[in-house]
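Visitor: Chain by chain, the residues run as shown.
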Amino acid sequence: MSNILLAGFGGQGILFAGKQIVLAGMRQDKYVSWLPSYGPEMRGGTCNCSVIVEDEPIGSPLVTTPDVLLAFNAPSFDKFESTVVKGGMLFTDSSLVNKKGTREDISYFYIPATELANENGLTGMANVIMLGYIVKKTGLFDEEYFKESLNAGIPAHKAHLAEVNKKALEIGFGYEG
Amino acid sequence: MGEKMLMKGNEVIGEAAIRSGCRYFFGYPITPQTELSEYLAKKMPKVGGLCLQAESEVSAINMVLGCTASGERAFTSSSSPGISLKSEGVSYIIGSDLPCVIVNVQRGGPGLGGIQPAQSDYLQATKALGHGDQHFIVLAPAYVQEIATLMGEAFDLADIYRTPVMLLADGALGQMMEPVDFESKKERVLPEKTWAACGHGNKREHNIVNSLYISPEVLEQTVLDRYERYKMIEENEVQYDEYMTEDAEICIVAYGITARIAKTAVKAAREKGIKAGLFRPITLWPYPKKELAALADKVSKFLVVEMNMGQMVDDVKVATDCRRPVEFFGRTGGVIPTPNEILAKIEEMNGGAK
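Each protein sequence line maps, in turn, to chains A and B. Using our numbering, you'd call the opening residue of the first sequence number 1 and step up by one each time. Using our numbering, you'd call the opening residue of the second sequence number 1 and step up by one each time.
Quick caveat, the hints were computed from the structure, so don't treat them as lab data. Quick reminder that beta carbons are idealized off the backbone N, C-alpha and C, glycines included. Careful, some of the hints might be misleading.
[Said to hold, decoys possible] Just the calculated beta-carbon pair ranges, DEER-fashion: (1) D321(B) to G153(A): 52 to 60 angstroms; (2) K167(A) to E249(B): 51 to 59 angstroms; (3) E348(B) to S107(A): 30 to 38 angstroms; (4) K158(A) to E205(B): 54 to 62 angstroms.
Whole structure, please, built from the sequences with the hints as guidance.
Guide: Now the structure itself:
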């Protein structure tokens, strides 16, 4: 159903975002897998994760030709744009990636997620804004369901984050670019 | 069915070990299996267990030897280069007839190699990790769920046959997250550990755990006795899985992460009208020889797919008495094959893409 590749810098919350998609899929009894790149990455280095949500058992957990690509930085945009399948979707943070796509057989979605986060007192939560935007545009999950699912994944000692996560998601859901 | 949890393969190894009643882990960190130590460092103290980071792999495996000699369940884990370091200790454990579990989350080799997933320790694991006449059970999970199931099995098999059991995974399985349910373990009757060197209040003769037998006749007999047990293992503990083999003409043989990738290729081949199937050994030792031999009566060609240079090819040839051609496709060094690459090979064997 969906092969998703999330790519960006370490520290942007790429792995977290991928995990939320997988958790939401798992709670709907779908087959899901999550595979991070685990090279010598560190904060500031490149980082990506393969996320698969399927109706049948998953073969390769590695996404090499994504249906949905999140390019959260310019190097990822350059590296993975050509790998998106025909008819696929490419999401990018237009406040970090000053580029426009050139392929005519895929759809591009631009959202200034980092700017929106900063403007709304949600610095560091551009990933959740982006998640909201991706969920809305792909129709992967019902918006209300995804909100609940994200909330359910927040551990008790981080309960104070529930409200800001919700706010960030809603910004993503509501963005029309 | 219990509640499904989303966990990394490496964490599942640790959780399944705890749920199997294992309370002792001795290890030394190495990518890509370090999350296991991290998980156990947090969890073992909470269940009254011990997670000890040894000063080296050599030390860790010998701690396992000492711990299991006392009758406790213990295990160690590493990735390829670290497993080579443990080889001497594993041979001593075999020579002492001690049960233990060894986890290898493989990475590319030889040497320090790389840190990406590989299956290039197949021969080391299935033929001779250490010196001496020996075997041990090798289990190859393909899914995170299967790690949970097989890790539980591993401790039981080790106790029943007094042998090391290796869980042979790879970096992708260790790093990836999938839903897992821990409730599906098979119940087995376990023998009492009458051989354990543990406190007994002077109620019996003391037990000695040892792998040194100076008399050749005595040593020969201990080896022969051990091979009787190996025979029982070969008769009773073979595990495998088949997919669309009933009418298959081209049968892939693959294990672990590669098997699930091959499965996608088999589906794609079927959509193109090619009669492909998949045979997946779950136990790499004992090897499912009889089952493969039976398949050789039905299929016209075998294709071995691995993340190495073809280490399992000879096992398939031997099991089938070379009655059918055995071809190979693999990637190595940490490269994961794609379903399309495997499909292309199937098409080539089928007489080219149509």
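Visitor: Compare the structure with each hint and give your call.
Guide: Going through the hints against the structure:
| no. | hint | result |
| --- | --- | --- |
| 1 | D321(B) to G153(A): 52 to 60 angstroms | holds, 54 angstroms |
| 2 | K167(A) to E249(B): 51 to 59 angstroms | holds, 58 angstroms |
| 3 | E348(B) to S107(A): 30 to 38 angstroms | holds, 35 angstroms |
| 4 | K158(A) to E205(B): 54 to 62 angstroms | holds, 58 angstroms |
Of the hints listed earlier, there is not a single one the structure fails to meet.
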